[in-house]
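Q: Starting from the given sequences, assemble the full structure and let the hints guide the process.
If you're matching them up, the sequences are chains A and B in order. Here the first sequence is numbered in my numbering, starting from 30 and rising by one per residue. Here the second sequence is numbered in my numbering, starting from 236 and rising by one per residue.
Keep in mind the hints are simulated off the structure, nothing from the lab. Be aware that one or more of the hints could be misleading.
Cβ-to-Cβ under 10 Å is the rule here; a few derived chain B residues that face chain A [what the hints assert, rightly or not]: (1) T241; (2) I251; (3) I265; (4) S269; (5) M273; (6) I280; (7) K290; (8) N291; (9) K293; (10) S296; (11) D316; (12) I317; (13) N319.
Anything over 10 Å on all C-beta distances counts as not near chain B; from chain A, calculated [unchecked claim]: (14) S33; (15) T39; (16) A44; (17) Q285; (18) F461.
Treat the numbers as computed from the prediction; the structure is a model and nothing was measured. We treat Cβ as the ideally placed atom computed from N, Cα and C, and that holds for glycine.
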Amino acid sequence: MLNSLEIMETIKMIAEEHLDIRTVTMGISLMSCAGSDGKAVSQKVYDTITKRAENLVKTAEELETELGIPIINKRISVTPASLVLGGSSNPDDFVLLAKALDKAATTTGVNFIGGYSALVHKGMTTGDATLIASIPEALAVTERVCSSVNVGSTRAGINMDAVALMGRIIKETAEKTKDKDGFGCAKLVVFCNAVEDNPFMAGAFCGVGEPDTVINVGVSGPGVVKCALEQVKGADFGVVADTVKKTAFKITRMGQLVAQEASRRLNVPFGIVDLSLAPTPAVGDSVAYILEEMGLERCGTHGTTAALALLNDAVKKGGVMASSYVGGLSGAFIPVSEDAGMIAAAQTGALSLDKLEAMTCVCSVGLDMICVPGDTSAQTISAIIADEAAIGMINNKTTAVRLIPAPGKKVGDVVEFGGLLGSGPVMPVNGFKSDDFVARGGRIPAPIHSLRN
Amino acid sequence: MRAVITVIGQDKIGIIYEVSRILAENSINILDISQTIMQDMFTMIMLVNTEKCSKNFKEISDTLGALGDKLGLSIRIQHEDIFNSMHRI
Numbered sequence: 030m031l032n033s034l035e036i037m038e039t040i041k042m043i044a045e046e047h048l049d050i051r052t053v054t055m056g057i058s059l060m061s062c063a064g065s066d067g068k069a070v071s072q073k074v075y076d077t078i079t080k081r082a083e084n085l086v087k088t089a090e091e092l093e094t095e096l097g098i099p100i101i102n103k104r105i106s107v108t109p110a111s112l113v114l115g116g117s118s119n120p121d122d123f124v125l126l127a128k129a130l131d132k133a134a135t136t137t138g139v140n141f142i143g144g145y146s147a148l149v150h151k152g153m154t155t156g157d158a159t160l161i162a163s164i165p166e167a168l169a170v171t172e173r174v175c176s177s178v179n180v181g182s183t184r185a186g187i188n189m190d191a192v193a194l195m196g197r198i199i200k201e202t203a204e205k206t207k208d209k210d211g212f213g214c215a216k217l218v219v220f221c222n223a224v225e226d227n228p229f230m231a232g233a234f235c236g237v238g239e240p241d242t243v244i245n246v247g248v249s250g251p252g253v254v255k256c257a258l259e260q261v262k263g264a265d266f267g268v269v270a271d272t273v274k275k276t277a278f279k280i281t282r283m284g285q286l287v288a289q290e291a292s293r294r295l296n297v298p299f300g301i302v303d304l305s306l307a308p309t310p311a312v313g314d315s316v317a318y319i320l321e322e323m324g325l326e327r328c329g330t331h332g333t334t335a336a337l338a339l340l341n342d343a344v345k346k347g348g349v350m351a352s353s354y355v356g357g358l359s360g361a362f363i364p365v366s367e368d369a370g371m372i373a374a375a376q377t378g379a380l381s382l383d384k385l386e387a388m389t390c391v392c393s394v395g396l397d398m399i400c401v402p403g404d405t406s407a408q409t410i411s412a413i414i415a416d417e418a419a420i421g422m423i424n425n426k427t428t429a430v431r432l433i434p435a436p437g438k439k440v441g442d443v444v445e446f447g448g449l450l451g452s453g454p455v456m457p458v459n460g461f462k463s464d465d466f467v468a469r470g471g472r473i474p475a476p477i478h479s480l481r482n
Numbered sequence: 236m237r238a239v240i241t242v243i244g245q246d247k248i249g250i251i252y253e254v255s256r257i258l259a260e261n262s263i264n265i266l267d268i269s270q271t272i273m274q275d276m277f278t279m280i281m282l283v284n285t286e287k288c289s290k291n292f293k294e295i296s297d298t299l300g301a302l303g304d305k306l307g308l309s310i311r312i313q314h315e316d317i318f319n320s321m322h323r324i
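A: So, in structure tokens, the structure goes:
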């Protein structure tokens with residue numbers, strides 16, 4: 030029999046410390062729908078998704094009730110759309126497909142569907158180029174579709190033509206959704222070393238190495254880690270790391286249980302549990318507050334990178350034994366607009382874009398949900414992407430950029446997205462130009478350590 | 236199915252009676268029960284078996300939740316797996 034203290038610990042984590050399952054994401058391969066006719070492919074895609082995911086939301090809600098743990102998001106990731114409609118060179122065909130994805134998301138009841146994506150780290154097919162060209166329109170006319178483009182990898186280097194293009198696409202997406210402060214950009218991620226089984230949005234897609242259908246689960250719980258660290262105030266870093274590990278283990282066990290049960294009830298293979306600390310704008314659910322609990326006056330000050338490195342590593346060490354399959358992005362997320370502590374740190378000037386870039390060297394992803402001034406040039410955005418991709422390429426890790434150049438907004442303004450996406454203070458970018466650098470084009474070759482065979 | 240019911244809140248007369256009455260009415264068998272006052276709060280933990288209950292889990296959960304609201308307490312019912320998986324390897 031379980032003892033009372035253990036039971037009460039779990040209850041407290043859920044009731045007071047925001048422990049939840051962040052997402053149950055069903056990956057659906059759309060390879061069987063592939064073709065070149067926009068209309069026919071869209072219909073097939075809609076039919077496939079609504080059939081395979083018809084019980085996803087219902088099952089997840091049943092699990093929520095029975096286990097008594099909130100499952101915040103139910104989502105779907107699909108095969109990169111550029112592969113599904115690879116035969117088409119008409120952007121309108123792709124927009125049609127985006128609308129079909131959006132409609133399928135509404136029908137199945139999921140809040141986001143990811144996979145309006147292209148993998149162009151070495152070069153672009155006609156389908157890739159057409160999809161990328163259609164992104165601004167697709168994100169403006171749909172609500173729930175998320176898009177991602179992989180522009181680099183440790184094995185292939187960085188496709189600088191794609192980097193230059195994505196700067197322009199991000200600007201165009203912001204412009205097309207300017208009535209909502211460039212909200213379209215919140216649904217668009219540029220990756221280096223994108224992973225095939227990521228359950229988190231906006232970067233989720235179902236890779237070509239995945240089965241027909243798969244269940245991936247992302248856990249969360251920054252509030253639980255913060256509360257655990259409050260109990261070891263002043264202790265040395267060995268104790269801090271140990272405390273994070275133990276907490277991460279418990280959090281991940283929840284994810285493993287939900288993943289196993291969802292997989293069994295839906296009769297869909299269990300893919301991975303993503304060992305993540307994903308913040309929300311709710312007070313007490315912040316990664317920044319964990320770093321501050323370690324002794325930093327404000328997140329972003331000197332010492333932040335070291336604190337984040339320890340946290341990220343301890344989360345993985347604690348989580349890895351708790352789950353039979355670990356994957357996805359696995360680590361701490363630092364999305365600025367989705368984290369109350371990050372927002373406060375950016376507003377007080379403690380946290381800069383440069384510090385965030387340094388932090389991305391040691392955490393799970395990259396420059397995430399950061400608002401920059403509306404007049405930031407496409408070339409500057411491309412250069413930011415290039416820096417981030419370089420960190421990913423050299424360090425053999427996933428990095429990403431999700432920037433919102435909010436039209437008409439200036440440094441100091443605040444952009445409100447609402448819900449889990451929160452609100453972001455507009456942060457300054459470096460005023461010196463990188464135009465000639467971005468204009469060179471071509472590829473940055475893969476690093477020497479990519480030659481591992 | 237085995238589930239854990241937790242009742243937390245201000246102590247008053249009749250909490251155990253009210254909770255057990257609802258369980259009996261719904262053919263839910265109590266397997267184990269422990270009750271204590273933790274940090275001034277009434278805390279009761281029950282292990283129950285819901286096999287013979289005709290209602291589905293959500294209905295039981297809502298019924299107990301409503302009783303909690305009436306008594307000014309927090310009453311939850313959760314599958315025991317969530318506790319086992321978190322605290323037992």
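Q: All hints, please: hold or fail.
A: Hints, verified against the model:
1. T241: holds (6 Å)
2. I251: With Cβ-Cβ at 15 Å, over 10 Å, it is violated.
3. I265: violated (13 Å)
4. S269: S269 (chain B) check passes; min Cβ-Cβ to chain A is 6 Å, inside 10 Å.
5. M273: Since chain A brings a Cβ to about 7 Å from M273 (chain B), closer than 10 Å, the hint holds.
6. I280: At 5 Å from the nearest chain A Cβ, I280 (chain B) passes the 10 Å test, so the hint holds.
7. K290: Not OK, violated: K290 (chain B) not within 10 Å of chain A, min 12 Å.
8. N291: holds (9 Å)
9. K293: Holds. Min distance 5 Å.
10. S296: S296 (chain B) check passes; min Cβ-Cβ to chain A is 6 Å, inside 10 Å.
11. D316: holds (6 Å)
12. I317: Status holds, d = 4 Å.
13. N319: With Cβ-Cβ at 7 Å, under 10 Å, it holds.
14. S33: Violated: least Cβ distance 5 Å, not greater than 10 Å.
15. T39: violated (5 Å)
16. A44: A44 (chain A) not clear of chain B: closest Cβ-Cβ about 7 Å, inside 10 Å.
17. Q285: Violated: least Cβ distance 7 Å, not greater than 10 Å.
18. F461: holds (51 Å)
Hints 2, 3, 7, 14, 15, 16 and 17 from the earlier list are contradicted by this structure; the remaining hints agree with it.
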